[in-house]
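**Student:** Residues per chain, in single letters:
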Amino acid sequence: MTAMLMADTSSDVEPDTLSVVTNMMGGTVGVHLRATADDQPSTSQAGETARSTLRRLQRWADRLSRFVGSSDIARLNDSPDERVPISATLAAVLDWARQAESLSDGVVDVTLLDARLRAEGAAGPGSGNPSDPGDRSWSMDRTSRATFIRRTPGLRLDIDGVAKGWLADRALARLGAYPAAVVDADGDVAIRLDPGQRWRFGVADPRTMGTDLAELDLTGRDEGGRRTGFGLATSGTTVHRWAHDGRTDHHLIDPRTGRPAHTDVVQATVLARTAREAEALAKTALILGSVAGLERLAQHDVDGAILLTETGRVLLTPATARWLA
Amino acid sequence: MPDAQDGQPARPAPITRPVPTPKARPDPRPLRIAYGMGLLAAATAIVTALASPPTTASTGQTATVTLPAEPAPSVRHVIQYIQLQPGQTAPPNAAVKVVPTPKPRVVVVTTRQSGAKP
Numbered sequence: 001m002t003a004m005l006m007a008d009t010s011s012d013v014e015p016d017t018l019s020v021v022t023n024m025m026g027g028t029v030g031v032h033l034r035a036t037a038d039d040q041p042s043t044s045q046a047g048e049t050a051r052s053t054l055r056r057l058q059r060w061a062d063r064l065s066r067f068v069g070s071s072d073i074a075r076l077n078d079s080p081d082e083r084v085p086i087s088a089t090l091a092a093v094l095d096w097a098r099q100a101e102s103l104s105d106g107v108v109d110v111t112l113l114d115a116r117l118r119a120e121g122a123a124g125p126g127s128g129n130p131s132d133p134g135d136r137s138w139s140m141d142r143t144s145r146a147t148f149i150r151r152t153p154g155l156r157l158d159i160d161g162v163a164k165g166w167l168a169d170r171a172l173a174r175l176g177a178y179p180a181a182v183v184d185a186d187g188d189v190a191i192r193l194d195p196g197q198r199w200r201f202g203v204a205d206p207r208t209m210g211t212d213l214a215e216l217d218l219t220g221r222d223e224g225g226r227r228t229g230f231g232l233a234t235s236g237t238t239v240h241r242w243a244h245d246g247r248t249d250h251h252l253i254d255p256r257t258g259r260p261a262h263t264d265v266v267q268a269t270v271l272a273r274t275a276r277e278a279e280a281l282a283k284t285a286l287i288l289g290s291v292a293g294l295e296r297l298a299q300h301d302v303d304g305a306i307l308l309t310e311t312g313r314v315l316l317t318p319a320t321a322r323w324l325a
Numbered sequence: 001m002p003d004a005q006d007g008q009p010a011r012p013a014p015i016t017r018p019v020p021t022p023k024a025r026p027d028p029r030p031l032r033i034a035y036g037m038g039l040l041a042a043a044t045a046i047v048t049a050l051a052s053p054p055t056t057a058s059t060g061q062t063a064t065v066t067l068p069a070e071p072a073p074s075v076r077h078v079i080q081y082i083q084l085q086p087g088q089t090a091p092p093n094a095a096v097k098v099v100p101t102p103k104p105r106v107v108v109v110t111t112r113q114s115g116a117k118p
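For the protein sequence lines, the chains are Z and W, in the order given.
Just so we're aligned: 221 in our numbering is position 221 of the first sequence, and the numbers increase by one with no gaps anywhere.
Just so we're aligned: 84 in our numbering is position 84 of the second sequence, and the numbers increase by one with no gaps anywhere.
Treat the hints with care, as some may be off.
What the hints assert, rightly or not - Residues on chain W that point at chain Z, a partial pick, calculated with CB under 8 Å:
#, residue
1, V108
2, T110
3, T111
4, R112
5, Q113
6, S114
What the hints assert, rightly or not - Label-pair ranges, simulated between beta-carbon atoms:
#, chain 1, residue 1, chain 2, residue 2, range
7, Z, D217, W, A94, 38 to 48 Å
8, Z, D217, W, V75, 53 to 63 Å
9, Z, A325, W, Q83, 29 to 39 Å
Claimed, not checked - Chain Z side only, calculated, beta carbon under 10 Å to chain W, not exhaustive:
#, residue
10, G27
11, G161
12, W199
13, T238
14, A282
To be clear, the hints were calculated from the coordinates, so they are not data collected in a lab.
Note that the Cβ used here is the ideal one computed from N, Cα and C, for glycine as well.
Make a model of the complete structure from these sequences and hints.
**Tutor:** Take a look at the structure:
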């Protein structure tokens with residue numbers, strides 16, 4: 001693990017803020033902690049907590065990655081059986097996938113792996129041979145000893161999207177001792193801030209590397225004595241792109257067509273209560289387009305949203321303004 | 001012309017060359033001894049010069065040189081800055097310069113499209 005410690009020695013970093021960042025899941029994953037009061041864990045304790053959290057994240061990711069041949073999802077996708085036992089970790093992610101499907105009215109659909117691979121036009125690493133099993137229904141049943149998934153043999157699941165937000169939220173739950181904690185799972189960010197605690201977040205501008213569309217200054221609110229939880233996630237069509245048959249496509253499949261979604265939105269960022277909700281709703285807004293997407297976001301009363309359209313317009317939901325730095 | 005007695009041809013008479021008389025050379029040993037003594041003397045002088053403590057040059061006559069007395073060197077310590085620790089007070093008449101608290105760098109976490117999915 002390559003870790004970068006930003007606290008301890010740097011005098012210009014926020015006092016008692018520690019960041020440990022590493023490469024994981026093909027991107028960058030970080031744990032950021034702040035301990036300001038004397039009775040909080042020390043910086044060295046925070047460093048060890050952050051590193052152990054990253055190690056745990058790595059183990060979860062290894063179980064959920066279709067690019068790891070021995071992972072739970074790879075073994076499920078390779079199984080020829082109709083009913084397959086799955087691990088508790090994969091069952092928890094698929095539980096969330098069901099909720100995300102409901103939250104998005106079916107826009108988030110984990111059965112679109114083969115449609116995605118067909119759109120890519122090639123079977124890349126971990127993809128196997130794209131096939132169409134026809135029936136894309138699946139269900140889970142639990143016994144006292146195990147959880148099983150039942151689906152049409154050959155139906156392969158794609159949890160690439162839903163797993164990252166779930167991982168960020170799950171890791172954040174380990175950091176309850178800190179008044180401010182942030183888990184960044186390669187852009188899907190889980191946040192918890194005590195009342196009065198503030199943290200600044202950037203929303204990357206995909207048109208110019210290293211620049212932001214906006215900065216959000218989040219503040220912890222008093223929610224009946226509970227700490228404030230936020231989730232911040234971005235979905236877009238400008239990173240995973242490829243040219244195929246003379247047209248440019250991307251990886252976000254519209255379940256209504258089975259093809260990459262073509263709407264006026266090229267990037268959607270959502271601020272919600274959890275990272276997994278933010279990820280699901282960001283993807284929904286992007287696939288539905290700006291008009292239907294903003295309506296859907298208003299229905300879910302998200303804390304904020306920033307959409308970038310193909311014409312360069314930046315659209316904000318009204319609730320976003322209070323967070324703009 | 002064949003020899004009548006043994007039938008073998010007669011051998012020509014051997015040519016007797018005069019043996020050169022070796023040139024008389026001087027005995028090299030005295031000169032070698034002299035060279036050796038010279039080298040030994042030179043080496044002794046070098047070793048002595050290196051090993052002995054430095055001494056003032058002497059011409060063989062005793063000479064006393066009185067050097068002018070130099071003033072004792074004075075070092076002036078100039079204290080320009082004292083960083084006061086918490087609880088310390090500045091000396092009297094000291095100009096106190098308040099160092100501004102460094103502005104902490106805000107740790108900004110950026111949400112972005114992922115590089116890859118798990």
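**Student:** Against the earlier hints, flag every one the structure doesn't satisfy and list their numbers going up.
**Tutor:** none
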